[in-house]
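Visitor: Line by line, the protein sequences give chains F and P.
Under numbering that gives the first Met the number 0, the first residue of the first sequence is numbered 0, with each subsequent residue one higher.
Under numbering that gives the first Met the number 0, the first residue of the second sequence is numbered 0, with each subsequent residue one higher.
Source of the hints: derived by calculation from the structure; they are not laboratory data.
Treat the hints loosely; a few may be bogus.
As the list claims (entries may be wrong) - If you only want the chain P side, here are some residues facing chain F, beta carbon under 7 Å, derived: (1) M88; (2) Y113; (3) P115; (4) E251; (5) S252.
Said to hold, decoys possible - A short list of chain F residues far from chain P (calculated; beta carbon distances all over 12 Å): (6) E35; (7) Y36; (8) S47; (9) R54; (10) G74; (11) K155; (12) D160; (13) A219; (14) G226; (15) V255; (16) A256; (17) V330; (18) M388; (19) Q393; (20) L395.
Note that the Cβ used here is the ideal one computed from N, Cα and C, for glycine as well.
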Amino acid sequence: MTDDSMQPDANGMFGRFGGRFVPETLMPLIAELQAEYDAAQSDREFQSRLAYFQRDYVGRPSPLYFAERLTEHFGGAKIYFKREELNHTGAHKINNCIGQMLLAKRMGKTRIIAETGAGMHGVATATVAARFGMPCIVYMGTTDIERQQPNVFRMKLLGADVVPVTTGTGTLKDAMNEALRDWVTNIDDTFYIIGTVAGPHPYPAMVRDFQAVIGRETRAQLLEQEGRLPDSLVACIGGGSNALGLFHPFLDDATVAMIGVEAGGKGVETGMHAASLTGGAPGVLHGNRTYLLQDEDGQIVDAHSISAGLDYPGIGPEHAWLHEQGRIDYVSITDNEALAAFQVCCRLEGIIPALESAHALAEVAKRAPTLPRDHLMVVNLSGRGDKDMMSVAQHLGENFQ
Amino acid sequence: MNAAKETPMHDATRLDKCFTALKAAQRPALVTYITAGDPDVETSLDILQGLPAAGADVIELGMPFSDPMADGPVIQKAAQRALESGQNMARTLEMVQAFRQQDTQTPLVLMGYYNPIYRYGVAQFLEDAARAGVDGLIVIDLPPEHDAELCLPAREHGIAFIRLATPTTDSQRLPRVLENASGFLYCVSVNGITGGLAPALHDVERMVGHLREHSHLPIAVGFGIRSAEQAAAIGRFSDAVVVGSALVERIESAETRRGAVEAVHGLVRELAAGVRRAGKS
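Just chain P, same shape as in the assembly:
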């Protein structure tokens, strides 16, 4: 990836390039989640800017929301910390812009719930997000039935709309989920909220296999993955491994801001080693 020079991203997107390069390198991507503004905007930006060097291949940046109904306690508290420190959508987009000034290669995906985007105004949001250098969106409470709201307009701005496939996504449902999916597919390994139980490996492998039969998009696996060992195991059959709550916990338990930055980057380095062990070469 470091070999890639600054090139305009009109032909292949940053997400496409990233997954193509990793496919050539025969290893899965490490996708890391943090909430923007957690525990405060400066610390959060320090964490964000150091993620690629620590080994993150794709970054998910959470847009905090007061009522995160699909998240477990860890990410709920992160959103609360961020909001209490004054985080809002404008600041989150400024963080992306600041990140892009020093890193033009690493794909960055915003993740969250629809209401803050809706309130900001969809057209304005997409314009500002594209300008800031956002590559994709994961919006938990916008299923394909509401694609006209944000998914289709996002595509016109060159922003991918990443879909979640879950254990409840059966053969009947899957075509709908895949219809306007882009960027990568997010395979939610367990029914439930973020930071929950670890998934059973063979179930996840079967899910990923099923998705591969129906889609050429890279497949990322997330929910309940906490350690380098799990990342390595799941990375053997997936294109990317997503870690969120385990990283956010490091922020929660850190005693100082500097400690939070170091703790997150430390775990990212371990996880990065894990996905490299999963390499199929």
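So here's chain F without its partners, still in its complex pose:
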């Protein structure tokens, strides 16, 4: 694979995926954003500001931690955690928010909007908006507001205005529709901070670039600790930003296997899942062509996952493309498998992972025991689980009865 093949073309296409499927009103804005982003990439001032905030505000680099007890427990591959859950705000989301906020400032925008599902992207956006003194509106589905109360309160504390979205099913996709409606109405002053590697070009490539710090650090850290590259990388996928952030800097390294873990919900065969690649079909939504959960008529259907952060009926277009190229292995993990891995991680490592990250850990649980002890496996611990206490308590209560 050459370097060129990993960048989208002029229309933002990764093969047949991606693109700019947006109303005409937004086209000039998207073109402007792209021009500014291109300029910022070669602007040393911008890059040094970004590095400063990543280090002193976010707390990077995040550690690459040898999960010794989990490794012993599975008795196979040597498992490392990339500890994104230690970032400020408790997840990888802020890596991207800092980058986009600096871009918003550079473009002279004065108002920030965002969509959120689990609330982690909303919290990260509200955080950087507070830091940079910008008004911030976060669109969040009413279903998600109910199951993520602590994050709703966090956003309010940070000064953001959380707008409940009642349309559709009141989840992440509806929040994204509403954010797009806001953007198309308030084009002059507003910057839309999209939280994942989806949306119209240049968002998928831009968010990936801001998250690729995860993979670059991992590479350097593992070379220092083990003197070589990893054998496999594992990450969970909703839209897919933490996964692409970890994977992208290794795509050229043919010896590094990559496993993306989608949310299998109650099982892909039940139809109650969020596994767009495993159980969806190509379509166009939210500005890009990708794999979507949809019916025969092209109507988007609801995703289901125990984890609100994975509960999205699409996936970033670059993942769709990498899937068809066969470069990354995409699998799915059910709610129950994720819950089991969640508990193992709590008890053996003293780390309470986000339910999203627990999906990646569940895949580790399947693979690690079958692999030799010199197999180096890095799993992205993309977020911490404090926000999930209520959901987990509820589910464990049911299971124990």
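With chain F fixed as given, assemble chain P onto it according to the hints.
Guide: Positioned in the frame of chain F, the structure of chain P alone reads:
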């Protein structure tokens, strides 16, 4: 228009003929939008079939989509009602076919989002749409950058691809928007979603004037137009006036199916009187 006999449409399209005739009559066209299958397919077909008699010159028929990101609450709810009543692309095309059996003159344009078309299959969709008697397409999320997807293939089937020009369409952007535009130009009078604020008249007039300098296509103005008075005012400088949300609201608030049909046709009659007042004669 009534004088025109059934003629094959290979030379001039129904859209061309309609705008030529109205130019001769020196008045703007009334373009009416309803969502196919709202509130159910039978009522929706009754509404559709009565639109020309009530005074609609061009019909926009919405293809419902679960995630209409450029539409306000009124049209979002219409799509939801339609989908809940079992509407799908095949039924929408059947409605067009049924309409064409009784009306061979009034141009009908399908409006919506790309995914239901993409899922149906572009080639199959164009074949079926052309056979049903569709004259044009407005696909909100297909900008000129993606013309190869549907716009260019549609032209080969004799189906116009109607472009939206918006307040953000500046001189730099406009040539791109006009490049493969056909049928008419849809001048979106305000930034935002359907059913929103009424546009400021002088801004719209300036936009239309700007578009006229660069295109010979008829220019329709839409978004935020609700009343006969607005239609009359905007019709003085445009070739067509589009009304959508205000009509769909009549369906939403109607207590019976019959009531919905009558309420929509009633407003169309008022609007038709409005565009006739805008006549430049």
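Visitor: Run every hint past the structure and note whether it holds.
Guide: Checked hints:
The beta carbon of M88 (chain P) is positioned within 7 Å of a beta carbon in chain F (closest approach about 6 Å), and the interface hint is therefore held. This hint holds: Y113 (chain P) has a C-beta 5 Å from the nearest C-beta of chain F, less than the 7 Å allowed. Interface hint at P115 (chain P): satisfied, since its Cβ lies 4 Å from the closest Cβ of chain F, which is below the 7 Å cut-off. Against a cut-off of 7 Å between C-beta atoms, the interface hint on E251 (chain P) is violated, since the closest Cβ of chain F lies about 15 Å away.
Of the supplied interface hints, the one on S252 (chain P) is violated, with its beta-carbon coming no nearer than about 19 Å to a beta-carbon of chain F, more than 7 Å. The non-interface label for E35 (chain F) is consistent with chain P: the shortest C-beta to C-beta separation is roughly 16 Å, beyond 12 Å. The beta carbon of Y36 (chain F) sits about 17 Å from the closest Cβ of chain P, which is more than 12 Å, so the claim that it is off the interface holds. For S47 (chain F), the condition that its CB be more than 12 Å from all CB atoms of chain P holds, with the nearest at approximately 32 Å.
For R54 (chain F), the non-interface assignment is confirmed: its Cβ lies about 37 Å from the closest Cβ of chain P, beyond the 12 Å cut-off. No beta-carbon of chain P comes within 12 Å of the beta-carbon of G74 (chain F); the shortest separation is about 46 Å. A cut-off of 12 Å between C-beta atoms confirms that K155 (chain F) is not in contact with chain P; the least separation is 25 Å. Listed as outside the interface, D160 (chain F) is consistent with that label: its C-beta sits roughly 19 Å from the nearest C-beta of chain P, beyond the 12 Å cut-off.
Distance check on A219 (chain F): its Cβ is at least 38 Å (rounded) from any Cβ of chain P, clearing the 12 Å threshold; non-interface status holds. Here G226 (chain F) stays apart from chain P, with its beta-carbon at least about 47 Å from theirs, past the 12 Å limit. The non-interface label for V255 (chain F) is consistent with chain P: the shortest C-beta to C-beta separation is roughly 34 Å, beyond 12 Å. For A256 (chain F), the non-interface assignment is confirmed: its Cβ lies about 33 Å from the closest Cβ of chain P, beyond the 12 Å cut-off.
A cut-off of 12 Å between C-beta atoms confirms that V330 (chain F) is not in contact with chain P; the least separation is 26 Å. Remark: the non-interface label on M388 (chain F) is consistent with the geometry, its nearest Cβ contact in chain P lying 32 Å away (cut-off 12 Å). Once the 12 Å rule is applied to beta carbons, Q393 (chain F) is consistent with being away from chain P; the minimum gap is 29 Å. With a minimum CB-CB distance of about 34 Å to chain P, L395 (chain F) clears the 12 Å threshold, and the non-interface call stands.
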